[in-house]
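Student: Take the sequences, apply the hints, and build the full model.
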Amino acid sequence: MSGNEETVGGGIETIMVNWPALVIFILFFVFVTVLGFVAARWRRGDLGQLHEWGLGGRRFGTVITWFLLGGDLYTAYTFIAVPALLYGAGATGFFAVPYTIIVYPFVFVVMPRLWSVAKKHGYITGSDFVKGRYGSRSLALAVAVTGILATMPYIALQLVGMQAVIAAMGITGSGLLGDLPLIIAFLILALYTYTSGLRAPAMIAVVKDLMIYITVIVAVIVIPLKLGGFSNIFHASEKAIPSVILPPSGYLAYSTLALGSALALFLYPHSITGTLSSSDRRVIQRNAALLPAYSLVLAFITLFGYMAWAAGVKTTDNTSAAVPLLFLKEFPSWFAGFGFAAIAIGALVPAAIMSIAAANLFTRNIYKEFFRPGCSGQEESKVAKIVSLIVKLGALVFIVAMPKAFAINLQLLGGVWILQTLPAIILGLYTRWLHRWALLLGWAVGMVMGTGMAIANHFASSIYTVHIGGVAVSIYAAVWALAANLVVAVVFTWVFRALGAKEGEDETARADYETGLGATV
Amino acid sequence: MNSPSGRRRQVWYWLLLLPFIGTLFPSWYASDEPELWGFPFFYWYQILWVFLSSFITFFVYRMTRERE
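Residue numbers (the numbering used here), protein chains in the order written: chain W, 2 to 522; chain D, 677 to 744.
Do not rely on the hints blindly, as some may be mistaken.
Below 25 angstroms or equal to it, Euclidean Cα-Cα: the simulated DMTMM-like pairs (lysine to aspartate or glutamate) are [to be verified]:
id, chain 1, residue 1, chain 2, residue 2
1, W, LYS240, D, GLU709
2, W, LYS330, W, ASP318
3, W, LYS330, W, GLU239
4, W, LYS240, D, ASP708
5, W, LYS240, D, GLU711
6, W, LYS503, W, ASP513
7, W, LYS227, D, ASP708
No lab work stands behind these hints, which were simulated from the structure alone.
Tutor: See the structure below:
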């Protein structure tokens with residue numbers, strides 16, 4: 002998840018290299034690297050098969066799934082960008098909290114259906130399901146391409162999170178040399194993802210999450226003590242920024258950002274990968290009740306943005322530096338290094354899962370579907386491994402060669418895009434009523450409209466204002482686009498039916514969505 | 677697969693709408709007062725919902741739990 006209104010600014014000021022922080026940081030980094038390679042042996046399976054490499058053999062129980070999804074959804078970028086948004090824009094930044102509250106009841110109801118049908122038919126991606134459900138290669142391709150497009154900038158942004166902490170430790174430099182630490186970190190990541198597949202991030206996620214929890218618990222106790230309590234923290238922020246309490250003009254934007262982001266989250270390929278890798282549909286439901294523990298942590302991490310104001314951190318031109326600078330100011334250097342390592346490792350886990358998910362999509366739904374229909378499981382797995390390397394390399398080149406703002410803009414667009422696959426995937430879990438061509442048309446309209454709105458806003462905000470009968474309605478652009486998408490899908494379903502357009506073949510049966518239920522249900 | 681007892685159990689799913697209702701209307705909670713431990717209402721109210729939502733989800737899980 003991400004801060005949708007991240008403000009973009011210049012570089013962090015050059016500080017002296019902070020050796021204690023750096024040593025601790027490197028120590029933990031080396032530890033998880035070893036873990037990443039060891040992971041290949043864990044719950045050993047034939048890594049030459051895509052569902053073993055790319056879904057961990059669908060064997061993860063409640064606890065591992067909890068760590069995996071937690072590490073997957075709450076990324077390094079989250080820890081940097083969400084508090085940065087609160088720091089820069091006030092109350093709006095807190096939308097991440099209702100967003101991560103409502104996402105889980107939704108997951109509880111919807112995702113077990115996807116798990117069951119995927120298990121029954123051997124689906125690995127959302128696009129696999131769409132193809133099986135609607136018998137439409139073009140719709141499945143649209144879903145796969147959207148997933149890959151939305152994931153790429155997200156991976157790139159994990160690097161932005163990593164960059165922010167590396168810079169805060171005083172390692173800055175110009176040109177390729179300045180990016181060297183980032184390049185090394187990502188090469189290591191690429192190698193162990195290649196060898197271990199989804200098992201690597203699952204194992205590393207456990208370490209990362211423990212580190213994050215320790216950092217946040219210490220921060221929430223120590224920092225308010227030093228700053229004179231939460232009351233002081235809020236008052237200091239009120240003096241620095243205008244809207245610590247959400248103004249009425251922001252209500253609709255706030256709730257549509259929360260709702261739109263929540264509906265989009267589990268459409269992302271990496272979330273689907275995390276969900277499908279669980280061993281049982283009840284694992285998903287249990288996790289829907291347990292994952293809010295991360296939302297609580299996120300709420301406090303978000304408040305770091307206000308703590309930064311109270312601590313006198315001034316970095317309005319580069320809000321991404323707010324949290325690292327807060328840590329350096331309020332923690333002894335060795336503990337700041339620990340926190341930075343937590344954030345950097347927090348970049349590795351989602352980056353690995355995202356690249357695996359994108360590789361699964363490319364291999365299954367583009368390579369095998371359109372180029373090598375008869376390819377073996379071995380070949381499939383080999384291609385996915387190579388694609389996961391290319392995807393990460395692409396993200397690295399992207400971040401090193403292009404302005405950071407470009408990745409942030411694309412990630413913002415990614416959220417708008419991915420939501421346009423909701424009618425095909427989520428509604429498809431419940432009904433076959435919508436016509437496959439109408440879904441495709443709705444998707445196209447949503448994509449164009451959402452992209453148009455973001456461009457019209459010059460990417461400065463994800464909120465788009467439409468005047469309806471003289472009233473200005475400001476809501477999340479992705480939600481506007483989804484509304485248009487749904488209207489088109491419904492209207493054209495009638496049109497195509499009236500014209501007698503051919504329905505695709507549905508290979509799933511009603512009961513497939515509920516397998517795994519007991520005999521009485 | 678949807679036997680009558682299964683349907684009856686799924687009635688509990690409606691409870692899952694509560695977190696949406698509780699958090700998606702900022703007009704109800706976008707205020708400073710009442711404060712709690714220095715937190716403006718806007719903040720502690722939403723943090724409270726993290727707990728409520730988790731409890732509700734767990735409760736619905738217990739009530740609809742599928743047999744082994």
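Student: State for each hint whether it applies.
Tutor: Hints, one by one, checked against the model:
no.: 1; hint: LYS240(W) / GLU709(D); result: holds, 18 angstroms
no.: 2; hint: LYS330(W) / ASP318(W); result: holds, 18 angstroms
no.: 3; hint: LYS330(W) / GLU239(W); result: holds, 21 angstroms
no.: 4; hint: LYS240(W) / ASP708(D); result: holds, 15 angstroms
no.: 5; hint: LYS240(W) / GLU711(D); result: holds, 18 angstroms
no.: 6; hint: LYS503(W) / ASP513(W); result: holds, 24 angstroms
no.: 7; hint: LYS227(W) / ASP708(D); result: holds, 23 angstroms
Comparing the model with each earlier hint shows no violations; every hint is respected.
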